[in-house]
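Student: Sequence:
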Amino acid sequence: MDLLYKIAISLGLVGTGGAGAFYGIKRFGTTRVKHKLGNRLLSTKGNENKAQWESRLDSLKKSSSSHLTAELQALKNTAQNKTWQDLRDVCSQRIEEPFQEEDSKFKEVVDYCTFRNKDKLGSGVINEALESSGTLKSGGKWNKVSEALKSRETGVSSTMKGIQDKLKASSNPETTALKTWCEGASETPWINDEDPSFKDAQQHCLDNS
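Going by the working numbering, the first residue of the sequence shown is number -9, and it counts up by one from there.
Derived from the structure by calculation, the hints contain no laboratory data.
Treat each hint with caution, since some may be false.
[Stated by the list, open to error] Calculated cross-link-like contacts (lysine to aspartate or glutamate; reagent style EDC-like; alpha-carbon spacing at most 16 Å):
| no. | residue 1 | residue 2 |
| --- | --- | --- |
| 1 | K127 | E164 |
| 2 | K26 | E98 |
| 3 | K156 | E137 |
| 4 | K35 | E86 |
[What the hints assert, rightly or not] FRET-style restraints, in silico, Cβ to Cβ:
| no. | residue 1 | residue 2 | range |
| --- | --- | --- | --- |
| 5 | S147 | E44 | 29 to 35 Å |
| 6 | Q63 | S33 | 22 to 28 Å |
| 7 | E91 | K189 | 37 to 43 Å |
| 8 | S141 | T170 | 18 to 24 Å |
| 9 | D183 | A64 | 32 to 38 Å |
| 10 | T125 | D76 | 38 to 44 Å |
| 11 | N67 | G124 | 16 to 22 Å |
Keep in mind that this is a model prediction, so the values were computed, not measured.
C-beta atoms are modelled at their ideal positions from N, C-alpha and C, and glycine is treated no differently.
With the sequences and hints as input, model every part of the structure.
Tutor: Structural data, given as structure tokens:
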């Protein structure tokens, strides 16, 4: 009889259910990675979220990180011809592990097994390249949302106020500031719809025409 079970008896935690019930409670009390991340996780069932899994695998293969775990390094190695299903299966195992701390393995789950903001922002996400000169396209989508932010006087977050200042600078305005921020925010792991960055992206990074 182990110490934890003896303590459980002394506290009256073990009754007619016996050891099985006690250890069932112990298991139920374990916080797993999937419990920590909840609805942020991509589905690991069949072909659900296939497009997102393919996108995460593409991001992994383009990653310049030198600190990947062996499992993800193997997936990154294009010579091994790994597929999105391979990434999904690794994630399926990872999310069942007990959550201990936000270590490198947990960070990999967040980076490659969860939704990103772009997945939740809908069809208005802008995918428009710059002109060959490196400037926004005249009359283009990025130009439109940038001009809208420049002229907005109320309801602007501190983050967007910083972008606004760059756009409106009298000397050398940073005309691509909003585009740069939006593209970074789009690739950021989604937390929830109330996350300040997500709300800013909803308001200032989408083409609603």
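Student: Work down the list of hints and note, for each, if the structure agrees.
Tutor: To see whether the hints hold, each was checked on the structure:
1. K127 <-> E164: holds (14 Å)
2. K26 <-> E98: With Cα atoms ~14 Å apart, K26 and E98 stay inside 16 Å; holds.
3. K156 <-> E137: holds (12 Å)
4. K35 <-> E86: OK: K35 and E86 at ~14 Å, within 16 Å.
5. S147 <-> E44: 29 to 35 Å: With Cβ atoms ~32 Å apart, the hint holds.
6. Q63 <-> S33: 22 to 28 Å: Since the Cβ atoms of Q63 and S33 sit about 25 Å apart, the hinted range of 22 to 28 Å holds.
7. E91 <-> K189: 37 to 43 Å: violated (29 Å)
8. S141 <-> T170: 18 to 24 Å: Given a distance of about 20 Å, which is inside 18 to 24 Å, the answer is holds.
9. D183 <-> A64: 32 to 38 Å: With Cβ atoms ~35 Å apart, the hint holds.
10. T125 <-> D76: 38 to 44 Å: 41 Å Cβ-Cβ, so the 38 to 44 Å window holds.
11. N67 <-> G124: 16 to 22 Å: Given a distance of about 34 Å, which is not inside 16 to 22 Å, the answer is violated.
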